[in-house]
Amino acid sequence: MASPMRIRAASKDGVTEVRVLMSHPMETGQRKNAAGEVIPAHFITELTAKHNDKVVLSAEFGPSVSTNPYLAFKFNGGAKGDKMVVTWVDNKGESRTDEVQIS
Amino acid sequence: MKRKLMAAAIGVTAAFAAPLAFTSEELNFDAYRQMLADGNPAELFEMEGEELWVTARGPKNATLEQCDLGLGPGVVEGAAAQLPRYFADTGKVQDLESRLMHCMETLQGIPSGEIIGGKFRQGERGKLASLVAYVVTHSKGKPIAVDVSHPKMQDMYAMGEKVFFYRTGAMDFSCASCHGEDGKRIRATHLPNITTNKGAAEGWTSWPAYRVSNSQFWTFQHRLWDCFRQQRTAEPVFASDVTIALSVFLAAKSNGYEAQWPGVKR
Chain L
1 MASPMRIRAA
11 SKDGVTEVRV
21 LMSHPMETGQ
31 RKNAAGEVIP
41 AHFITELTAK
51 HNDKVVLSAE
61 FGPSVSTNPY
71 LAFKFNGGAK
81 GDKMVVTWVD
91 NKGESRTDEV
101 QIS
Chain H
1 MKRKLMAAAI
11 GVTAAFAAPL
21 AFTSEELNFD
31 AYRQMLADGN
41 PAELFEMEGE
51 ELWVTARGPK
61 NATLEQCDLG
71 LGPGVVEGAA
81 AQLPRYFADT
91 GKVQDLESRL
101 MHCMETLQGI
111 PSGEIIGGKF
121 RQGERGKLAS
131 LVAYVVTHSK
141 GKPIAVDVSH
151 PKMQDMYAMG
161 EKVFFYRTGA
171 MDFSCASCHG
181 EDGKRIRATH
191 LPNITTNKGA
201 AEGWTSWPAY
211 RVSNSQFWTF
221 QHRLWDCFRQ
231 QRTAEPVFAS
241 DVTIALSVFL
251 AAKSNGYEAQ
261 WPGVKR
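So the protein sequences, as listed, match chains L and H. Everything in the first sequence is counted per the working numbering, starting at 1 for the first residue and increasing by one. Everything in the second sequence is counted per the working numbering, starting at 1 for the first residue and increasing by one.
Same shape as in the complex, but just chain L (with noise of 0.2 angstroms):
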């Protein structure tokens, strides 16, 4: 199963700022083992992040995004104790979503 993500919200002057750390190992599909086999390609493809259920980023990732993805990112509105809800979803199908409230 994939590890939490960490998330970090805080709201100031009735802006958000959303700081997301992910553990994913996005593999590219490029590289090849000690063995010379290709390592399949796992990487996240998908993120949205919700303030209470309203979507406020949706973003495509790539295989160029590097292991353990940070994104940080700022929204009008939001504030304290408000639900920020953070999913990605990779091209295994494997998914994670996790949540904080802001600060």
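Read the hints as simulated data drawn from the structure, not as lab findings. Some hints here could point you the wrong way.
To be verified - Restricting the straight-line Cα-Cα distance to at most 20 angstroms, the calculated cross-link-like pairs of lysine to any residue (SDA-like) are: (1) H:Lys140 <-> L:Arg6; (2) L:Lys74 <-> H:Leu36; (3) L:Lys32 <-> H:Ala37; (4) L:Lys32 <-> H:Gln216; (5) H:Lys265 <-> L:Pro25; (6) L:Lys74 <-> H:Ala37; (7) H:Lys265 <-> L:Val65; (8) H:Lys265 <-> L:Pro69; (9) L:Lys32 <-> L:Ser64; (10) H:Lys92 <-> H:Pro73; (11) H:Lys265 <-> L:Ser23; (12) L:Lys92 <-> L:Lys54; (13) H:Lys265 <-> H:Asn214; (14) L:Lys12 <-> L:Val100; (15) H:Lys265 <-> H:Ala37; (16) H:Lys162 <-> H:His150.
To be verified - Beyond 12 angstroms from chain H on every Cβ pair, some chain L residues (computed): (17) Met22; (18) Asp53; (19) Glu60; (20) Glu94; (21) Gln101.
Every residue, glycine too, gets a C-beta built ideally from N, C-alpha and C.
For chain L, the structure is supplied; the task is to place chain H on it using the hints.
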């Protein structure tokens, strides 16, 4: 003909050498490190370690919450900044890794041999590294405060110093061969002058660290192991006295400098 070839070879070298002549400042990694500091993926290991600390595991099905890292059972805050230290209960000087290993064995029944005989980043040694990430994060920003007054600490410091200058291996290198002068580098990596307190602190306060080049979290034992390899000498046994002695030497020289743990490296 041969002479002509050589001249051509020299020409090629010179042509390539010029653009590669960076100064140390141009290769300064600090700016890159600052950019990465905010999202240091070492946090993912820290999270795992935090969970491991409170998870009942091993043959004794116990947590590590009673583990004494030197400041009393269960105290994690600030503990790493004061390690290595002499522990009366084991009669030994222990660094963070060997102390955690002791706790895992005594509290949880996980045999130390499994970790010592294991591989970095795998099995129980991998879990130990996550615990290290958790513990060191709770000393971030604290000044290093290693007490070397105990005679066994003094012995370890003296041994560490001796090992640091001891030349051995296929190339007859000592640690000082690569870490004994200011302003040196290997490829793009700046090499701190560990014979000075400032240089020792540069290394000690920035490891354990997450390495962006291979997405791995390395403990200080892992860092040292790799430098033994770079020295082209025998692999040190995990958490053996020689590794702890070197850590005492480095940590004591770093006293008063602020811990940047967990670090982020190339």
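Now the hints, each set against the structure:
1. H:Lys140 <-> L:Arg6: holds, 18 angstroms
2. L:Lys74 <-> H:Leu36: Since the Cα atoms of Lys74 of chain L and Leu36 of chain H sit roughly 18 angstroms apart, the hinted pair holds (cutoff 20 angstroms).
3. L:Lys32 <-> H:Ala37: Violated, because 30 angstroms separates the two Cα atoms, which is more than 20 angstroms.
4. L:Lys32 <-> H:Gln216: holds, 18 angstroms
5. H:Lys265 <-> L:Pro25: Measuring from Cα to Cα gives roughly 18 angstroms; hence the hint holds.
6. L:Lys74 <-> H:Ala37: holds, 18 angstroms
7. H:Lys265 <-> L:Val65: holds, 18 angstroms
8. H:Lys265 <-> L:Pro69: holds, 16 angstroms
9. L:Lys32 <-> L:Ser64: Holds: Lys32 of chain L and Ser64 of chain L sit about 16 angstroms apart, inside 20 angstroms.
10. H:Lys92 <-> H:Pro73: holds, 17 angstroms
11. H:Lys265 <-> L:Ser23: holds, 18 angstroms
12. L:Lys92 <-> L:Lys54: violated, 26 angstroms
13. H:Lys265 <-> H:Asn214: At roughly 10 angstroms apart (the allowed maximum being 20 angstroms), Asn214 of chain H and Lys265 of chain H satisfy the hint.
14. L:Lys12 <-> L:Val100: holds, 16 angstroms
15. H:Lys265 <-> H:Ala37: Within the cut-off at roughly 10 angstroms; holds.
16. H:Lys162 <-> H:His150: holds, 19 angstroms
17. Met22: violated, 8 angstroms
18. Asp53: Given that every Cβ of chain H is farther than 12 angstroms from that of Asp53 of chain L, nearest at about 26 angstroms, it holds.
19. Glu60: Holds, since 20 angstroms exceeds 12 angstroms.
20. Glu94: holds, 16 angstroms
21. Gln101: holds, 17 angstroms
Of the numbered hints listed earlier, those contradicted by the structure are 3, 12, 17.
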